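Asker: Below are the chains, spelled out letter by letter.
2 protein chains.
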Amino acid sequence: MKKTIFLLATVAMLVACSQTEPQPAASDPAEAVMANILNRKSVRSYTSDTIPAAVMENLLRAAMAAPSGRDIRPWSFVVLTDTTRYDEIFGDNFNMRMYKQSAAVVVICADTTVVRPPRDNPDAPAVQQPNGTWRDDMGAVTENLLLAVEAYGLGACWTACYPYVDRMAPVKKALGLPATVVPYCVVPIGYPAGGEQPKDKWDSSRIHYNQW
Amino acid sequence: MKKTIFLLATVAMLVACSQTEPQPAASDPAEAVMANILNRKSVRSYTSDTIPAAVMENLLRAAMAAPSGRDIRPWSFVVLTDTTRYDEIFGDNFNMRMYKQSAAVVVICADTTVVRPPRDNPDAPAVQQPNGTWRDDMGAVTENLLLAVEAYGLGACWTACYPYVDRMAPVKKALGLPATVVPYCVVPIGYPAGGEQPKDKWDSSRIHYNQW
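Chains as they are written, first to last, in this note's numbering: chain A, 32 to 243; chain B, 32 to 243.
Among the hints, erroneous ones may be present.
You can't tell identical chains apart in this list, so a pair holds if it fits in one copy or across any two.
[Stated by the list, open to error] Below, in silico cross-link-like pairs of lysine-lysine (DSBU-like), each with a Cα-Cα straight-line distance of 35 Å or less:
no. : residue 1 : residue 2
1   : 232       : 204
2   : 131       : 204
3   : 230       : 72
4   : 232       : 72
Keep in mind that the hints were calculated from the coordinates and are not lab data. In this text the structure is predicted, and so the values were computed from the model without any measurement.
Between the sequences and the hints, there should be enough to build the whole structure, so can you do that?
Answerer: Structure (C-alpha cells):
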C-alpha cells in the first residue's frame, strides 16, 4: 500500500515534469524504455537553458533507484551551479569548458565504507568496514541518472573522477567531502546544443551460448 | 543516415517484441522511462515460461548500449540455459535454486585489459594494458540489462561474482573464459512468479548543493 501511494505520487510528479520531454510519443512502455536506452549519448555542448528543479529532483530520484549490494546505498550527490567555483573544484583536470557551459554539474559521490556488524558475526556491534561492491553500485547509479537525463530531453557526459588521485583531490577538498567519501564521477547536464548522435554498439560476436 | 536506419530497424523490432510488455500504457516516454527505473526490482522466483529469442536479443542490445570509458567496450555475455551444468559452473557459491528456476542466466563478463597504443604515445604500436575503468562500465551494462528486463515484464537479480575469487574461479574455468576476461556478475532472468516490490530509496539528505 505504501508502495502504491509512492508510485502514484511519483507518476503525478512525472506528469507534471514531463512537459520538457521532446521525444515522439511512444505507443508502448517497453518501446519507450528501449528507445531511451539506445538514444542515450554523451552530450558535451549545451544551450543556456536552466533545468527545472522538479526535473533535477527526478534525475536524482532515478539515480537513487539503482540496485545496491547488501542494500548499502553508498551514494550521495553534490549539485553544482556556482560556476565561479569550478576552477577551484576541478582545476585543470577536467573539460572545464563543458562544465562551465552546462546548466548544472552533478558530482556523484560514494562512501567506500559501511558501518554494520561484521558479516561473519551479525550479533556483534556495528563496525566501520570496507564495502567491496560500492563501485559496482555507482556505475548503475550513474547510468540511471544518464537515462533520466535522456528521457527529459537533456544531455550529459559521464566524466571519470575515481580512481584518479589528481582529479579526486581538489574536488574532495573544495566540496568538503567526508574522509570515507570519494568523488566517483562528474556529470555536467544541460539542454543539448545539438549534434551528438548515439552510437550503435550492437555486436553479436560478444554473445556466447552456454560456453565461451 | 546510418543511425536513422539503425533506429528505425530497432523500433520495428521493438514493436515486434513488445507484445510481452505487461505494464499499463504510459502517455509520455519520460513517464514510461522513469516508471521503469523506479519499478526495477530484484526478482528471485520465476514462472516456467521461456524468454523469446527476440526479447533476449533486445536485453543484450540494451546492455551493449552502455557508456564506456575511452569507448573500450570491455563487455561480453555468456547466456546459459543448460541447467545440467549449473552445479559445475556455480558450485555452492550462488543461489542455485534461483538460477535453476530461471529461464536463462546471463553471465556478464569483462576484459580487464585493452590492446591500444600507450595513452602517452598514440603513435606507438598497440600494447596490452590494464583498463582502469572497466568496472565502471560494467555497472552501467548490468543496469541497462536490468532495466530492459523490467520493461519487458521479466524479472532478474544481479548477483555479484567479481571480486570474489571463490565465485569467479569455477565460472571462469567451466565457461572457458579467456585469461584476461573475468565473470563480472551473474543475472538469472525469467517471468516473475510474483511478490517482489520495488524499494522507495528516495532520500533528500543524500543531496547537497554547491557544498557538502
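Asker: If a hint holds in the structure, say so; if it does not, say that too.
Answerer: Each hint tested on the structure:
no.: 1; hint: 232 with 204; in the structure: between (37 Å within a copy, 28 Å between copies)
no.: 2; hint: 131 with 204; in the structure: within (20 Å within a copy, 49 Å between copies)
no.: 3; hint: 230 with 72; in the structure: both (7 Å within a copy, 28 Å between copies)
no.: 4; hint: 232 with 72; in the structure: both (12 Å within a copy, 26 Å between copies)
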